[in-house]
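J.: Here is how the chains run, residue by residue.
4 protein chains.
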Amino acid sequence: MRFFSDNAAPVHPAVLAAMAEADVLDTAYDGDRWSGMLDARLSALFETEVEVLWVPTGTAANCLALAALCPPHGAVLCHHDAHIQNDEGGAPEFYTHGAKLLLADGEGAKLTPDTLRALLSTIRVAVHQVQPHAISITNATEYGLTYRPDEVAAIGALAAERGLALHMDGARFANALVHADCSPADMTWRAGVTALSFGFVKNGGMGAEALVFFKRGLVEASRYRRKRAGLLFSKGRYLAAQILALLEEDRWLANARNANAGAALIAAAAGERLVHPVEANEVFLRVSAEEAAALRDKGFDFYDWGPGEARLVVSWNQRAEDIEPLAAAIAALR
Amino acid sequence: MRFFSDNAAPVHPAVLAAMAEADVLDTAYDGDRWSGMLDARLSALFETEVEVLWVPTGTAANCLALAALCPPHGAVLCHHDAHIQNDEGGAPEFYTHGAKLLLADGEGAKLTPDTLRALLSTIRVAVHQVQPHAISITNATEYGLTYRPDEVAAIGALAAERGLALHMDGARFANALVHADCSPADMTWRAGVTALSFGFVKNGGMGAEALVFFKRGLVEASRYRRKRAGLLFSKGRYLAAQILALLEEDRWLANARNANAGAALIAAAAGERLVHPVEANEVFLRVSAEEAAALRDKGFDFYDWGPGEARLVVSWNQRAEDIEPLAAAIAALR
Amino acid sequence: MRFFSDNAAPVHPAVLAAMAEADVLDTAYDGDRWSGMLDARLSALFETEVEVLWVPTGTAANCLALAALCPPHGAVLCHHDAHIQNDEGGAPEFYTHGAKLLLADGEGAKLTPDTLRALLSTIRVAVHQVQPHAISITNATEYGLTYRPDEVAAIGALAAERGLALHMDGARFANALVHADCSPADMTWRAGVTALSFGFVKNGGMGAEALVFFKRGLVEASRYRRKRAGLLFSKGRYLAAQILALLEEDRWLANARNANAGAALIAAAAGERLVHPVEANEVFLRVSAEEAAALRDKGFDFYDWGPGEARLVVSWNQRAEDIEPLAAAIAALR
Amino acid sequence: MRFFSDNAAPVHPAVLAAMAEADVLDTAYDGDRWSGMLDARLSALFETEVEVLWVPTGTAANCLALAALCPPHGAVLCHHDAHIQNDEGGAPEFYTHGAKLLLADGEGAKLTPDTLRALLSTIRVAVHQVQPHAISITNATEYGLTYRPDEVAAIGALAAERGLALHMDGARFANALVHADCSPADMTWRAGVTALSFGFVKNGGMGAEALVFFKRGLVEASRYRRKRAGLLFSKGRYLAAQILALLEEDRWLANARNANAGAALIAAAAGERLVHPVEANEVFLRVSAEEAAALRDKGFDFYDWGPGEARLVVSWNQRAEDIEPLAAAIAALR
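Residue numbers (our numbering), protein chains in the order written: chain A, 1 to 334; chain B, 1001 to 1334; chain C, 2001 to 2334; chain D, 3001 to 3334.
Calculated from the structure, these hints are not laboratory results.
This one's a predicted model, so the numbers in the text were calculated from it and none came from an experiment.
Some hints could be false.
[As the list claims (entries may be wrong)] Restricting the straight-line Cα-Cα distance to at most 25 Å, the calculated cross-link-like pairs of lysine to any residue (SDA-like) are: (1) Lys2215(C) <-> Leu218(A); (2) Lys2298(C) <-> Thr3027(D); (3) Lys2215(C) <-> Gly163(A); (4) Lys3215(D) <-> His1133(B); (5) Lys298(A) <-> Leu1025(B); (6) Lys215(A) <-> Leu2218(C); (7) Lys3298(D) <-> Arg2033(C); (8) Lys215(A) <-> His2133(C); (9) Lys1215(B) <-> Leu3218(D); (10) Lys3215(D) <-> Ala1126(B); (11) Lys3215(D) <-> Leu1025(B); (12) Lys1215(B) <-> His3133(D); (13) Lys1298(B) <-> Leu25(A); (14) Lys1215(B) <-> Ala3221(D); (15) Lys3298(D) <-> Leu2025(C); (16) Lys3298(D) <-> Gly2031(C); (17) Lys215(A) <-> Glu2220(C); (18) Lys3215(D) <-> Gly1163(B); (19) Lys2298(C) <-> Val3024(D); (20) Lys3298(D) <-> Asp2026(C); (21) Lys215(A) <-> Gly2163(C); (22) Lys3298(D) <-> Leu2218(C); (23) Lys3215(D) <-> Gly1217(B); (24) Lys1215(B) <-> Val3125(D); (25) Lys1215(B) <-> Gly3217(D).
[To be verified] Ranges between beta-carbon positions, derived for each pair: (26) Ala1289(B) <-> His2080(C): 44 to 52 Å; (27) Ala332(A) <-> Gly3308(D): 52 to 60 Å; (28) Asp181(A) <-> Ala1320(B): 52 to 60 Å; (29) Gly1217(B) <-> Thr3122(D): 21 to 29 Å; (30) Glu2220(C) <-> His80(A): 25 to 33 Å; (31) Lys2215(C) <-> Ala118(A): 35 to 43 Å; (32) Arg296(A) <-> Thr3122(D): 19 to 27 Å; (33) Asp3105(D) <-> Lys298(A): 36 to 44 Å; (34) Leu2274(C) <-> Ala1261(B): 57 to 65 Å.
[Stated by the list, open to error] Footprint (simulated), chain A over chain D, 3 or more residues, beta carbon under 8 Å: (35) 3086-3093; (36) 3098-3108; (37) 3128-3134.
Glycine included, C-beta positions come from ideal geometry on N, C-alpha and C.
Input sequences plus hints: build the corresponding full structure.
T.: Set out below in structure tokens:
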């Protein structure tokens, strides 16, 4: 049983079905009827007029967002454990033409107004130093913690005060949202978010994410940047169809609830072993090398996460009965 | 009936079937079994050891190739009607960090050693001028002409003589190949091609192309560039599966033959109206505005291509019976 | 006697003297008193509030201007013989992060509204094509022709109509201005120029040019770009002092008048041999290889400019008595 | 009396004299006789064949070096207080097209093999993470400490072991060298340094630094990059002349010795107040706000350096009699 990541799971059956339905001739690029529905569909979801671009990967969504929010000579503030800093192979620097990521601290990869202020205080307003233009937060974070809407809003208020844009990397936005049990609007634009990378790949999609702009005037140049990055599929309808299929019948929320519930099962069994509270679908455990080996012997796969720690991620399609043996095996380690 | 382009057609049934087969958990990125088969599969096809990266779009394939072949301070020689110059939204400049495209002439968007030499003769060897590092040709060309292997080899010889790499944009490689009726090897590395953008999207694929390197030492940095461009799908197996499905049973060749045959049908009807010889699946016609309107009235859609000209492209899945009415309508214009 | 170019001449004595005067401790970068005078000095000259940055080279001035006027995904329209296209080693692409130069025609390297409109008409408004954001003209041109204020204004009107910025590469601005015998204001902002590369290096300076912004809101980011390009001298006063020294007592105009007069002397002797009218300090001659050799034998150095042509450039400091022997030698070729 | 920095001092009289001597017509760019002497002059100094480019600023030298040593998709390891990270306005990212600076720790802004190893151990060899290609150290450091040759060699050995290049930012190379009392060769290539930014601006120069390559094959592309960055002065002789003048009669060493001696005077007076040992020409003092104000009241200017600290820098031209009053004033604070 694999708990490496939620990024390689099969896709939701409704996604495959929707792609088969889209398998008809239609206008190229994003001129088709599926792509044409995205703005309205997501505007309804977010209770405000949004502008949306499909893109194939989370890295593409994040980096097109950053390029829209920060000039080449500027900086984006993020956590030192942020995905954009550590796991995107320098894509932020590629898309922004060399903007700097300036790194802040925070428990569980969460930024706070205080850690951001501490970072901001080190930057002189002078051409010698790269000036901040945006903040990027990840929700849920790289350690499976989530920001509540009020926590986002506190950062949003700081961003507004300093004239910074606010980006949310929502590769696991659904998981954060169902944990917070709030509306998409409360988690984003009402809390000051300028642009959201709305993730579907880890939520039952195949290769489609939605880049959502809450502020007017950002999508236009982003369309050019998307093309210029080789991301404009000629058969874009297959990407739009994935997003629409997961939004339909709230599948995205159900998928996230299922994954979070699986992680909660493991967390309950892990007790004191938990490195971080489990708020989404990721579990970080303290396990010795012997214990990790014992779990692997029983057929459970996962990543080591530094010495004495392991990361387990539950995917949208893993069922309680898949997870209970793992939970039991972890409990039995005690 | 749409003859706008071959880039928006539905996908081949075997492609959808292969994607459904790949809909199982496997290792992320390109660690899966489908991705793992590409190098061997294409090495067999090309009768030499090649290194292959899947990418989602033709623009991505072209521009990763150019970035591998030309430094930021260098230049790529191409035709002034090349797709990389006119239709990729500046992606070559993005991926190469600002390398220049230097533009040569040639009938039907075909370069020749002579037009390339004429261009090269204008470039002084001096830091003031951007120095050539690569040549890029498109086969079949933007006007539906093809290079024969000996024509590629003549350019390949010039490239070797001047120390330049040679890239082939093969968005319609299959169409060119079946016209030339030669082996993939003869059309590429045996003729001096360094890297090939091997197109599948216009050949029955959904969103997958193969970037093929014939020279060692180029793929390694390209892996990093692919990730850095946000092109590394976490579920790469769905891309590899598309490519493998089209190669299987020589579907890619059958699809190209069918499209070329459709274009030949139109060409036969068009006679003197042809702007260019029809060697692949594109037809350029001389038609007056009234004639174009008449064709559209009968339900045939296509692009105007400058004043008095029209472009019609036949897709992999259009059948003779779809095309005959168009051919008849064109013939009836006389 | 060297007529290779005006870019390597010694500096005006007043420039050296001013640099020696500036050889005192003052605030670093552009916080010194000389740098602090530039805005006011040039605002007076241009009869409007301008914002000015010193930079060390013409390439730096041009490319910082282009970066201020065109985003990475945009295009700059210029003549196919423009210095930014042919002689700056790809610096425009470096500074703009890969914007494209789109090339227009025109006699003597001069653009006209008609040739610009012809170029613009080839660009579809679509993400597939790089969209124009600016026009760049060179005055005096690479062939020593000049734009009159009304010619600049005609291009400025087109730029305004299409929402494009207008940059003037004024490496030889002084030479153009004295030929037109108009005010700096008439030649620039009153004719629609957004930014001017105001050249001093070819006018008796050592290594200082003025980048002049006629539109508010462009200088701020340019300050960051100047630093980011490694162009912000810590001892900037030595650059500002050069500019101020040449402006003082209208030395820049006297120097240009002298150089233009020298070229006129040659032109008068050359008669039918002239390839272009001589309006500034450059002369292009038709000479056979034998004639060129004969001139060189007499000690006159210059560049061949394609087969059967030669370029001779008169520098600010060459006196009539230096030039008369050359004029006589040319006349004697007949 | 100003102790803000050593970057704004007047230039050495020999520099001005050499520039006046170079004020004759010679070949443009670096074709002149002064530029032509640099390779041989610095090869003699470094006791090995080196290749040298003049550039106008330290930022330009550093960033051209980094661009030669690290591809756009790579990383440079440096100290978190390095000038390239904090004070060059993102120039490293501009010149390298977005390479990342990865930050290591170390007392007094000095890297050690241990802190570098700790940083390297966090980087997985995978396309998701930006891979290291070079190390950059500053000697003397931003806090006025120096690396001894054996310390450089230890880092050089690590670099060699890991296949990394080693860059030395030598904005204050002279100050470090006279402190170590070793040969330039021992401090650089014999210790594994690949490229040196050899600073002259802080050592009596006006606007010229030498970028020195100790490894073959790096200078060629750097020549193109220098042009492409707008750094290739047409009157390059005035830059080369500065460098040659400071090397002549070992003026650069005398200047550094003088500045270091001045700093030592202050250090001796400061005693317990010193934040770092004083090994070059910078002094960091613990002073209360009141004490700082008292010093300023007496006419001494300097930067606050965080709360309770001050930075004082001695320039090449400050004499003992200039400094003694400051030393006395500091001593009197006790």
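J.: So, for every hint listed, does it hold in this structure?
T.: Cross-check of the supplied hints:
1. Lys2215(C) <-> Leu218(A): Roughly 23 Å separates the two Cα atoms, so the pair holds.
2. Lys2298(C) <-> Thr3027(D): At roughly 19 Å apart (the allowed maximum being 25 Å), Thr3027(D) and Lys2298(C) satisfy the hint.
3. Lys2215(C) <-> Gly163(A): 23 Å, holds
4. Lys3215(D) <-> His1133(B): 23 Å, holds
5. Lys298(A) <-> Leu1025(B): 19 Å, holds
6. Lys215(A) <-> Leu2218(C): 23 Å, holds
7. Lys3298(D) <-> Arg2033(C): 24 Å, holds
8. Lys215(A) <-> His2133(C): Since the Cα atoms of Lys215(A) and His2133(C) sit roughly 23 Å apart, the hinted pair holds (cutoff 25 Å).
9. Lys1215(B) <-> Leu3218(D): 23 Å, holds
10. Lys3215(D) <-> Ala1126(B): Holds, at roughly 22 Å.
11. Lys3215(D) <-> Leu1025(B): 49 Å, violated
12. Lys1215(B) <-> His3133(D): Distance ~23 Å between Lys1215(B) and His3133(D) Cα, so the pair holds.
13. Lys1298(B) <-> Leu25(A): Holds, at about 19 Å.
14. Lys1215(B) <-> Ala3221(D): 22 Å, holds
15. Lys3298(D) <-> Leu2025(C): Answer holds: Lys3298(D) to Leu2025(C) is near 19 Å, not above 25 Å.
16. Lys3298(D) <-> Gly2031(C): 23 Å, holds
17. Lys215(A) <-> Glu2220(C): Between Lys215(A) and Glu2220(C) the Cα gap is close to 24 Å, so the pair holds against 25 Å.
18. Lys3215(D) <-> Gly1163(B): 23 Å, holds
19. Lys2298(C) <-> Val3024(D): 21 Å, holds
20. Lys3298(D) <-> Asp2026(C): Satisfied, since the Cα-Cα distance of roughly 19 Å is no more than 25 Å.
21. Lys215(A) <-> Gly2163(C): Judged against 25 Å, a Cα distance of about 23 Å means the pair holds.
22. Lys3298(D) <-> Leu2218(C): The given pair, whose Cα atoms are some 41 Å apart, is violated under the 25 Å limit.
23. Lys3215(D) <-> Gly1217(B): 22 Å, holds
24. Lys1215(B) <-> Val3125(D): Roughly 23 Å between the alpha carbons, so the hint for Lys1215(B) and Val3125(D) holds.
25. Lys1215(B) <-> Gly3217(D): 22 Å, holds
26. Ala1289(B) <-> His2080(C): 44 to 52 Å: The hinted range 44 to 52 Å is violated for Ala1289(B) and His2080(C), with Cβ atoms some 32 Å apart.
27. Ala332(A) <-> Gly3308(D): 52 to 60 Å: 56 Å, holds
28. Asp181(A) <-> Ala1320(B): 52 to 60 Å: Distance hint for Asp181(A), Ala1320(B) holds at roughly 59 Å.
29. Gly1217(B) <-> Thr3122(D): 21 to 29 Å: 28 Å, holds
30. Glu2220(C) <-> His80(A): 25 to 33 Å: 30 Å, holds
31. Lys2215(C) <-> Ala118(A): 35 to 43 Å: 38 Å, holds
32. Arg296(A) <-> Thr3122(D): 19 to 27 Å: Because 24 Å falls inside the window, the suggested range holds.
33. Asp3105(D) <-> Lys298(A): 36 to 44 Å: Holds, since Asp3105(D) and Lys298(A) (Cβ atoms, about 41 Å apart) stay within the stated range.
34. Leu2274(C) <-> Ala1261(B): 57 to 65 Å: 60 Å, holds
35. 3086-3093: holds (count 6)
36. 3098-3108: It holds: at least three residues are needed, and the region 3098-3108 of chain D offers 3 whose Cβ sits within less than 8 Å of chain A.
37. 3128-3134: holds (count 3)
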